[in-house]
Every structure is written in structure tokens, then in C-alpha cells.
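**Q** Hey, can you work out the whole structure from these sequences and the hints?
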Amino acid sequence: MLEADGLKKSFGNIVATDDVSVQFGKEDGEMVFIVGPNGAGKSTLVNLLTGLLEPDEGAVTLDGQDITTMRADQRVHEGLVRSFQVVKVFEEMTVRENIRTALLIKRKKTGGLGPRAIWEGLFSLDDEHEAIERTIDDLVEQFRLDDVEEAIAEELPHGDRKLLDVAMSFALDPNYLLLDEPTSGVSAQETDYVIETIVEVSESQNVTTVTIEHDMDLVKNHADRVIALHQGSVHGEGPPTMLETDQELRRLLLGVEE
Amino acid sequence: MVTSSIALLEANSVLLQSGIIEGLQNLLQPDTFIVQTINGIRFGFILFLIAAGLTVILGILDVLNLAHGELYALGAYVAASVGGFLVGEGTAAIMAPPSSFDPVTSFAFVGVLILAALISALILVPIGVVMETVFIRPIYERDQVYQLVLTFALLLIIANMIEFIWGSNPQKLDLSTKTAVNDIPTFELLGLSGVPSIVTLIMVVSLVVGVGLFYFFSKTKTGRIIRATAIDREMATALGVSPDRTFTLVFALGAFLAGFGGAMELVRTAANPGMGESALVLSFVVIVVGGLGSLRGAVVGALVIGVLQNWMTVVEPSLESAAPFAVMVIVLLVKPEGLFGTWGERT
Amino acid sequence: MTDEDTTTDERTAAEKRSERISVSEGSTTRRNVLKAGAVGAATAALAGCSSLLGGDDGDSVNIDQDEVSAGLLTFTEGAAAILGQQAQRGAEMAVEWINDAGGIAGQTTMSLETQDEGSNAVDKYNQFIDDGKDVTFGPISSGTHEELFQEIETNQVVNVGTDGTVTTLYEGEDPTYSFRFQNYDVMEVMASVFEILERVGADNIDTVAGVNPGYSFGQDEMGIFETAIDRLADAETVYSGFPDLGSGDYASHISSINSEEPDVVFSSLWGGDASTFLDQAFQRDMFDNVQAVAGPVFYGSADAISEDVVKGVERGKILSGSRNYYWGIPEPGRSPDSDALYDAATGQDGITVPTAHYMSGFGAVTAWATAVEAAIDILGEFPDQEQIAATLEGHGFYTPGGYYTMNVDHQCRGNGYAGVLQWDDNIGAPVIEDVNIFSATQISPSPTGALTSQNEQTGEGWVDSL
Amino acid sequence: MTPGISREDGQLKIRIMKGMELTVRETLGLVAGLVILFNLPTITTLAGDLPIRQRPIYRGIVFGLAAVGLNLLLRHSELVSFGHAAFFGTGAYTVAVLVSDYQVKSATVLLVAAIVAATLMAALIGYFTLPHTGLYFALITLAFGQLLFSIVKGQRALGGTDGISVRTGEAGVTILEQFPTLFGIQLTGQEVPNTILLWFTLVVVIISMLVMYRIVKSPFGRALDAIGQERTRARFLGLPVKRYVWAAFIISGIYGGIGGGLFALYFRSVAPGETLQVFVSGDILYMAILGGFGTLTGPLIGGIVLETLANIANEVVFTGPAGETQMGRFITGAVLLLIVFVFPKGIVGSLKPGGRVFEGAKTLKNDPTVAGPWFRQFGQVTVEAAKRSVKNVRYLLFGVK
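Residue numbers (this note's numbering), protein chains in the order written: chain A, 1 to 258; chain B, 1001 to 1347; chain C, 2001 to 2466; chain D, 3001 to 3401.
Mixed in with the good hints there might be a few duds.
[To be verified] With a Cα cut of at most 20 Å, we get these calculated EDC-like pairs of lysine to aspartate or glutamate: (1) D/K3391 - B/D1244; (2) D/K3242 - A/E78; (3) C/K2311 - C/D2288; (4) D/K3217 - A/E91; (5) C/K2311 - C/D2434; (6) C/K2311 - B/E1089.
[Unchecked claim] Derived, one-sided and incomplete: chain B residues facing chain C with beta-carbon distance under 10 Å: (7) R1042; (8) Q1171; (9) K1172; (10) V1199; (11) M1203; (12) G1274.
[To be verified] Pair ranges (Cβ atoms, derived): (13) D/T3108 - A/Q205: 32 to 38 Å; (14) D/G3372 - B/Y1215: 50 to 56 Å; (15) D/L3124 - B/T1220: 35 to 41 Å.
By construction, these hints were calculated from the structure, which means they are not laboratory data.
All residues carry an ideal CB built from backbone N, CA and C; glycine is no exception.
**A** As C-alpha cells, then:
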């Protein structure tokens, strides 16, 4: 269970989140979307939930443990994984190498990432584990990157880079996956494709996925639950039909009154 | 002859401890304290002139100019030639140093001396422009290591050219030029002996330049444009500011300040081949302590380092050269962004 | 081209000499007069043992070695070039005189190559060896000398050091091929100490202070000074500063001295640093607060010291040493050799007055060349390195600056000079007046020339026992 | 997977060890390089008056080894260290102190001690630099380096600025017998002992290079690459970023320590100015860039070239207004400018496929007439730069019309 309780975070005079409390179940395959107008505090919430920021008040717990007491790599080990609004992939590596890097963590089964892994790492080459190569094959196929698997990341079209970014997150075998606008900057045609791929893989792997998304049609089509933020507070939380019924929310999100 | 180095080290540290306490007592005698602090402030002001250019160039151009120390040295060497030509005994093109104090001629002479320093610093402006436009401009977008290689290459070239032109003997002004300044009473009027008026001159002139610099950045249009460019290069471009020209201006300004610092220092001491290197390394300390890219930080950092180093010569001379780096390490560990740092917040 | 070049080898050196002198007598040009002086002096310089000049009677042995090549390591670049230039000119002058006299033993001419010791000095030294130099001279820096010392012993080619001041250089060692002509720093510090005692008086000295360069040399000098002044005048050190080399800033040190008001200030600052220090001390009225400022090597920067300081400071307050050589001793007119060297040196590029560093170059070359002559005289052939080294041990020789002895500890000793720094308008440089001459036995542990068992007493131990 | 020859994509590959396959060209370069280095004593003798000397080249090799270590941080973690002399100096001083104060004479023991000391020093300094990246990393490494330098040169026990000799100083033993030994062989005398030490050093260097190859190709090396390219992402992929950077820092320090230890053995004397000072750190960095920091062997070759260049360049003497001046620094500076503007990938990087020299030579071979346009282009660039400077000076002095 990933649980946020009474989160408050300010930057100078601006209150980014104010008393936000949300809960996510572990590995239940739920698709949660966070919606809200610009400046509602969506990214701040994701940053707080993943420990990138520390809350001024309140706490985030992962299976009962306060995440601010955990190191970034420990959080990943416990299954809490995220992506960033701006694509963050390893630009000078190929697609396969990117995913292989993400899969380094899988070596926890063979000694973790501690001093022993460093030591052992010196005596093995990076592409030696057949099991890992097979996992890469699977991920590349799932995310439909097989035709560009040997391409350098910085040369990929933007949509593919986004997919690679998400694929790396999935490679970590997450329990909770938080995606900060996985479709930002992606062309209209590619958007559907990216979200659909995410939903498909999430469901097949039973990952609890929390996504920030602006495209309301996509949210409506794929969400199990929607959390709407406004001015740093939770405006409402419920099934995607909420987007149809809550007039105030529609006004906030679409800027129009019907 | 061979002694265990560890035993010697221990003996050394015991000596050091007792020496430090005694040294502190010496420092805290009122006269010593005031004079040493004034010495430190003067040194701090010169350091500020060097570090200000370095930090402004770093803050705005995002380039760590390793050749900056050589611009300071070059300023001193040029000033030795220019000063020698304008006010030197026997060569004075404008006026020779007066042999005794006389309000009119003495102050006029100080004016000519400052003029010589200004001319020397101005000579560095085109050199700075050429450095920026020819060498540094093509590599703004490149990896930072190339900037380090490039500016280091310029350091080597300038240092070698200085030796080519002036040789390796120190260059200085005639002592009579210094005496002419020292004949004007300043701190003596306050009942404080031991601070020659040349120090007063350096402090006053550096202070004026420093205040002028702050005025320039906060009140003038060009200064505001430079600051705007520093904060947001794209926005400034959108507003019709040419970043190219701004960068050139900033670099020229940095060269002017370093050159002026060198020229002022020459009035008191001599230009020598190693002065650029030590000035560069100390300016690093200053801008790190003050905060990279912060002009205010440079003031505070320069004064802290200048005064501390002067105190240290009384407290424990053997730690004189280590002290600035120890301060730098401590600041980086405790407050990594420096005392006035804004740098860390930029992404 | 003069007709000298047409002289044939059959004629003896003496014949050539007399011929050249007669040529110069017929001319009044400065250059020829200089040459006449030079030749006269060369005779004397190389006449450490007068019989060595051989050839005088036209009956020289054939030593089957027409030329030797030598390498000199010295500072030709950077701030220390102010010293290195003098050493280089001095060595070049010695080589010139030797060659003018027909070479070593009238037969073997010398060539000299100079390299900067400022960077990778040991590499350059090894380059000399690779190039097959028959002898090497230098360096100036004490650090380089320590490094070089073991290389010399490894390479087994004689090196006569010009400077390299550390006291401990040969202490506890058993050198074979490594010698040092000048600047055993105990000697120059002790010359300064005795000079101070003479001028100020032991009873008038209660407190002393020091400003010395912040590296091994400066720390060494100050250490010796502190011990000596404590033993001989029971004085306490109240301040000791070690500014970095070339820092150009002595304000804080001078301020400290002004507030402590010590009786005597000792400073081994050299080169541009010495003149900058004196300038700043003058500007800050330091001379009003002390009885004397003594510098063992102030005179090394004679060319750079300001006229205003020397003239502006009360006479007798600046005491300067000049190590093992001062051009004014013996007094001009009393020694033709000394006069000739002075004239020849000041005629060279960049030399206003020859300083002790000039003699360190001149003397190192002379020490080696005269030892080789001595060996030839004994052996009847050109000696090998081991034989030269053996001859150099305990070797005594004259230079225009006086008589020197290369002790069995491989450290050369001669008289030390110190006096009052004064300005001389005629030569446009400072001079030392009222020069005190301190004999080698007075200012160094081992008595001159005596074959004591080596290193029984360290320099520091000797000073401590005063 | 044993050494052998294979054919891939029509290209002959020579397998040195598992995962290490070289093209024919690379193999030839490697073999030629090794033959040259192992035969240095002969080559320098044959060179006669040509300025090819063993000592500068040896200096280049040991500093180059430190640069190889530095390159682990520079190339993979993208951290610019400006204080690498600290580890070089630590290694060198460890050897010198053990020999002179503790009479340890075995070169192998000394080298191991140098590694241990450098490891501890790197662990200490590395720990404090971990939170920093970019310019701050460069400056904090510089600060630590200068701090160490200032402390060491103030210690009389360490010989101050003069440094210490690498010999025991035992009484009753000739100087030649006071130096360290290698496998029982006295490392003294000019010709043979230096050759033995050179060969030993080359073996150490080869082993070090193979180890470095394994490091950069290992999962650990991959993780460093990831950290260098996108630190935040690496952190959120669960990589223990700080621990890995720390490990890389220590490894890179060890290479500096080995270099310093070998330096002390060969040059038999250690002083702060030539092992610890900030410009020594700078040199180590510039060696990596000169040789090509995108390559494994580049920093080593950069070291050899930079030292040899400095040695030769100092022979160039111009007579200026102040008399004769050695132009060594000017020439070195000019070569570094050339690297920045024309050959940014460094020597080795430019010779590789995709590098400027390689591609340029290929183009030139196909169509020799391109040389003309190249020169014209170069001329144009120079003229434009000059015009730009003049224009800017005019703007600054007279304002914009």
C-alpha cells in the first residue's frame, strides 16, 4: 500500500499541495489518472509520492515505511518506480542498452547492487546474462521497439523515446508505477498508441499505475479511478464518470461552461 | 638523519598548537589587529577585482576562464610599461613624481597614476574582446571540458607572451612614484602608523570601481540587460538583446577588471611571472566561498579570504597558504552553494 | 677575424698570450683593453699551482684530448633567472678565459651548453649525460641539487654545483662525483650573524624577527639564524614569517615586525622578492622600528634594489652579505685579476655588477678546470672521471675572487663577505661598504683544507655548539 | 571463448580476451605501440640528437596512467576532476616515505602500499565530493588537491618544497645500494636498471589497461555511463548512484596512485611541485582530452604525447624584446587549441572510424581536390573571426551606430 497522508508542500509563498491524502493498493493492476488544470500540483504530488521532494507536513508511507527514510534505490527495490515529464533516457546508449541498464537492478538476485555487485561486476561483461537478454527481447517487443532496438536513443522519434522511458520503468518490475505526463510532447497520433501500450502492459503485469494525463478522452477510456486536483487540494476522487457528472470539474479542466 | 616522519609530524603538531595560541594573542593586540585587518581588506579588494570578472563571466557566459589570472598579470605588466612611460623618473611623459608633499601636485600626481592604471586596463579590453569572439564564442555549446582546455591553452599562451615581451625579471615602477603617494597623509591623520597611503589609494580606488560595478549592474540599462541575459538567455533574445554582444561586453568587462586589479597592485609591488597563477587559484576560492556567479558573494568571499590570510600570517605563518583552501573545503561541505550562491538552483 | 686565428698549434700558450697582449697594447679600444685584462687574469686564475700551466717552457705533454664539452643547469627562465643569468655569464666567462689561454693545460678547449633548470631539471641533466658531456655544472635550486646528487653518483660524471644551498646536502652522505662550489648556507647565514654582532653589538640585541621565503631554503636559513643568534647574543625570535616565493606581498609581515619592533630583522629573500620586500619595508617605515635588517643574499639582486631605498634608509641599517665573493674585494686597483673580471663581467650583456652568483658559475668551472690540470700534471694524460673526482677532493685553487678549497666533504669553502649596503652613483647600483671578511673557519664547521674525517659534525650541530 | 580470430560483417576481428575484439587496424596499432614502448631504450639510442628521450616518455606513461583513471570519471560519470594530482602524489610520497623512513626496498611491496594509500585517500576525498557534479565537482577536487599540496610542502619531515629522495639513507652503504629493488634486482645505474623498470612498468600498464577495459564493459561500467548521462533517471532506476560514483572515484584514484608509485621508483625523488600541485592535476586532465577521452587508450597516449611535446617545444627559443625566451608553453597551448577546434575527439578518437583524421584521410584519398576547399574554408573562418573581433572592439570603444 502506497499511502499519502495530509501532504503539504510550499515553494516560497506558493502552496503547491495542501493537505492531500491518497491511497494506492499494491499490485492490483489499477489504472489511476491524476487530472487538474496547470498549477494544480499534479507533478508536485507525484514528486512527493516518489520521494523526489520531501513534504513540509504529512508523510508518504510505502507498505507502512516512511519513504523519506529510504534511499532512492531502496524505494525502487520495494517496487516504487516513476518516470519524468521530460524524457529521461540515456541518450548515448542504444535502446537495448537503455533497457539493459534498467535491468541492472535485477541482479539483486545475484548479489544486489552493493559492494559485492561492484566487485563481481568487474569480472563479468555486461551482456552475459541470457535471462536478462530474453527479458530485453520481451520488453522491446511489448513496447514495439523491436525495429529500433539497436538505434541510439537520442536519434529516436519522440514517441519512441517516451515508450523507451516507460519500458525502462516496467523493466524494474514495479508494484507501483507513477508516470508524469507520459504523453507530453507526443504527437496526437502517437498519444493513443503510447497510452494504450502502457495500459496493456500494466494490466498484463498487474502494476498499479498512476498517470498524470491531460487528454480527457483517454482518461475516460482507460481509468479505473480519477483523482482531480485543484489549487493543491484534492477536488474530487472517483470513477471516470466523475468527469462527466462534476460540472465544476469540467469547467476547471476544460475552461468552458456548458 | 633518517627520522620517523610520524614522530616528526607529531612534534610538528604540538609546536603548531602552542604557536597558534601565542599567535592569536599577538593578533589580538589592538594595533596589530587593526593594521593586519586593513592589510587584509586591501588584499580582499584586489582579489575582488579579479574574482568579480571571473564570477560574472562564469555566471553569464557559463565559462570558467582559467586564463583570467593571466589577464591580471598582463594588467600589471602593461601598467609597468605605461606607468613607467607616463610618470617614471626621467621618462615621465605627463609628470614626474613630486619629491615632497604638496596638496596640488601630489593629488595631481595621484590622478595621473590612476589614469595610467585606467589606460592599462583599457588596453586589456580589446585583448578580452579577441579572446571572447575568436576563441571562446565557438565553444559555448560544447562540453565544459573543452572550455577548460581552451582557457588553459590561452593561459599558457598569454603567460609565454608575457615572458617573451617583458622577460622573467620582475617589473616595477620607480620607488619614487610610491613615495610620492605615501607622502600624502591618510591613516596617519587617524593616528595609525604602519599603513602607507598607497594602501589607502588602492582601497579607495578599488572601492570606487566596486561600487561603480554594482551601480552598473543595478541602475544602468546595459547592466540590466546583462543581468536579464544571465537569468534567461532566451527571454533576453526575445526582447531583442543580442546575447553575442552582451557576452563580448561581459568578457571585456572581466578583462578590464582583472587588468585594473593588476595595475593597482603594481603601484604597490612588482609584476612577476607567477602572479597570474596564484591569483587565479585564490579567485577560485573566493567565488566558491561567495557562491558561483554572485557578485555580492565575490565581495564577501574576497574580504573573508583576504583578511583571513593576513591574520593567518600572524597566527601561524606555516598555514598561510593552506588556510584559503581549508575554508573553501569547509564552505563546500557545509553550504555547497556558497555564502550567496544562486548557482545550485539553476538547472 | 684577427690574426690570432691564424696562430698554429706549434706555438705555446705563453707565446700566444704574449702576442695577444702586445696586440691589445697597440690599441685603445675598450674591447681590446678588456681582452688584455682577461688574459692576464686567466693566467692567474688557472695558476692555482703555477706549475700546472705547463707549456710555459714549451714542453707540454700531449694529452690527446682537444676538446671537452660541459653542460650547465641554471635558471634561465622565470623569476630566478635574475640569479641564473649571473651564474651563466660567470661560467661562460670562465670558459672564455680558459679557451683564450689555449685551453686546459694549454691544449684542451672547453665548450659550454646551458639548460634551464626550472622544469624537469633532472631530465635535462640526463640529456647532458646522454649527449656525452664530460662534466656538468649547476644547479642553483636546493631541491634540484638534492635530486641531482643521486643521479650524479649513478652516472659517475663529475658535477660541480654552483649553488644549492641546503646545509644537509652532503651530510651523512659519501659523495664521489658530486661537488659544490658555493652556498653552503651555514656560511652565508653565519657571515650575516657575525656582521650583525659587529654592527649592532650582542648586548644590544634582545629580539629578532625573520621574513624568509616559504620553502626549504628560507626555512633552513631562518633555522640556522635562530639557533646562532640565540647562542651568540641570547636573543629571542619574536616573529617569523614565510611568504610564498614571488608573492610580492609582505605587508602583513612588515606590519607584524612594526608592532613587535625587534632589534634585528633577518631576511634571506632573494631576487625580485628581496627588492620588493625592501621597497615595501621602506614605504611602511619598518626601518624606523628596527636597528638593522640583514640579508645574506640581498646583494644577489643588486640590479633590482631601488636606489631610493638604499639612499633613504639610515646608513648601516641594511646589512648585506655577498656569500663567498664580492667584486670590491680586493679593492679595485689592488688585484689586476679582480679588476679584469669586473671589467669583463660588466661588459657582458645584462650584468651591472657581478654578484656572488656570477662567481658561483665562474668558480665552479675554474674548480673543475684547475683540478683537471692538476691531474694532467700528475698523470701526464687526460684523467678519467674517477681521477678528476679524486683530484677535486681537497683541491685548492685561485679565482679573481680569492682562494678556495674544495673540502673532503665535497663542499667548497672560502671567505664570506658582508657589509653595509650603500648606493654608488658612479656605477648606478648598490655596493657593499665597510666589508667584513669572515674566514671560512670562522663561519663553517670544517676548517679549510684540513683533511678531517668527513661529516663528523653537521652544520646544524656546529651552529648549535657555538 | 579463447583468443582467436573471427569474421564479423565481413570484417576480420582479433579476439584478445572474452568480449575484447579488435579490428585488424586496431591490433596493428596496439602491437606497433607496444613494440615501440618495449624497445624505447634502443630507439632513444638510435634517435641520437633527435629529441626523443626515455625520461619524458616514461613520465608521460605514468601520468598517462593517472589520466586513464581520471577518464573513468570523465568519460563515464561525466565528472571533471581537477585534483587528480592528490592521488598521484599520495602514491609517490607513500613510496618515498616507506623507502627513506622505513627502509622498505621491494618495488612490488612499495607499489602495493601506494595502491593502499591512494585507495584510502580517494575514499576520503571521494566521500566529500559525492554530492557534487559539474563545475562544483571540479572545484572541490581542486580544493582538496591544493589543500594536500599546501600541507605537504609545509612539512619539514616530508622535505618541504624540496621533497624527499627515494632511498634509504643507510649508513655505510653506497648510494647505489640505497635504492629500491625489483625482484631482488637493484634499480640503480642508468642503462639496464631503467630498462628493467620500464618493462615492469609497461607490464603493470598493460594489466591496468585490461582491468580498465573490463571495468568499463562490465555492468558496473554500464551503471557509471547511465549515471553520467542522466543521473536522476539512474537514481530512479534504483542504481545506488552515490555508492557507484564513490567506487569509481576510488578506482580512478588507485590508477593515480599506481602512476605516482611508479614515478617515485623511476625518478627516485618526489617533490610537491611536480606531483601534487594544481597544474599537475590540470596536466592529467589535459592528457585525457588530448589523447581522446572517449577512448580507452587515449589518455595514456595523450600523456606520452603531451610530455614529449613539452620536452621538444622547450627547445624552441625565440628572441623577443626581453631576450631569448623558450616558447614551450606557447606551443603546448597552440596544440591544445588545435585539439579544441579541429580534433575534439583527441588523437586516438580522431584516428578511429568516424574521427576527423580517419574520415578526412578517406575523403582525401577518394578525391584529393578537396584539400583546396579545406584550405579556403580555413582561411575564411580565420578572416571572419578577425573581422568579428575588429567589429566588436569598435562597438565597445565607439558604441553602436
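**Q** Each hint should be assessed against the structure and marked as holding or not.
**A** Verification of the hints:
1. For the hint linking D/K3391 to B/D1244, the alpha-carbon distance of about 12 Å falls within 20 Å, and the restraint holds.
2. About 19 Å separates the Cα atoms of D/K3242 and A/E78, which keeps this hinted pair within 20 Å; it holds.
3. For a cut-off of 20 Å, the pair hint linking C/K2311 to C/D2288 stands: about 14 Å separates their Cα positions.
4. The hinted pair formed by D/K3217 and A/E91 meets the criterion: a straight-line CA distance of about 18 Å does not exceed 20 Å.
5. This hinted pair checks out: C/K2311 and C/D2434 have alpha carbons roughly 16 Å apart, not beyond 20 Å.
6. For the given pair, C/K2311 sits about 16 Å from B/E1089 by alpha-carbon distance, which is consistent with the 20 Å threshold.
7. Satisfaction of the interface hint for B/R1042 is found here, the shortest Cβ-Cβ separation to chain C being roughly 7 Å, below the 10 Å cut-off.
8. The beta carbon of B/Q1171 comes within 9 Å of a beta carbon in chain C, closer than 10 Å, and the hint placing it at the interface holds.
9. Look at B/K1172: its Cβ gets to within about 7 Å of chain C, closer than 10 Å, so that hint holds up.
10. Taking 10 Å as the C-beta cut-off, the interface hint given for B/V1199 holds, the closest approach to chain C being about 7 Å.
11. The beta carbon of B/M1203 is not positioned within 10 Å of any beta carbon in chain C (closest approach about 12 Å), and the interface hint is therefore violated.
12. Satisfaction of the interface hint for B/G1274 is found here, the shortest Cβ-Cβ separation to chain C being roughly 4 Å, below the 10 Å cut-off.
13. Checked against the hint of 32 to 38 Å, the C-beta distance between D/T3108 and A/Q205 comes to roughly 54 Å, which is inconsistent with it.
14. Hint check: D/G3372 to B/Y1215, Cβ distance near 54 Å, so the stated range 50 to 56 Å holds.
15. Between D/L3124 and B/T1220 the Cβ separation comes to about 48 Å, which falls outside the hinted range of 35 to 41 Å.
Hints 11, 13 and 15, counting from the list given before, are not met by this structure.
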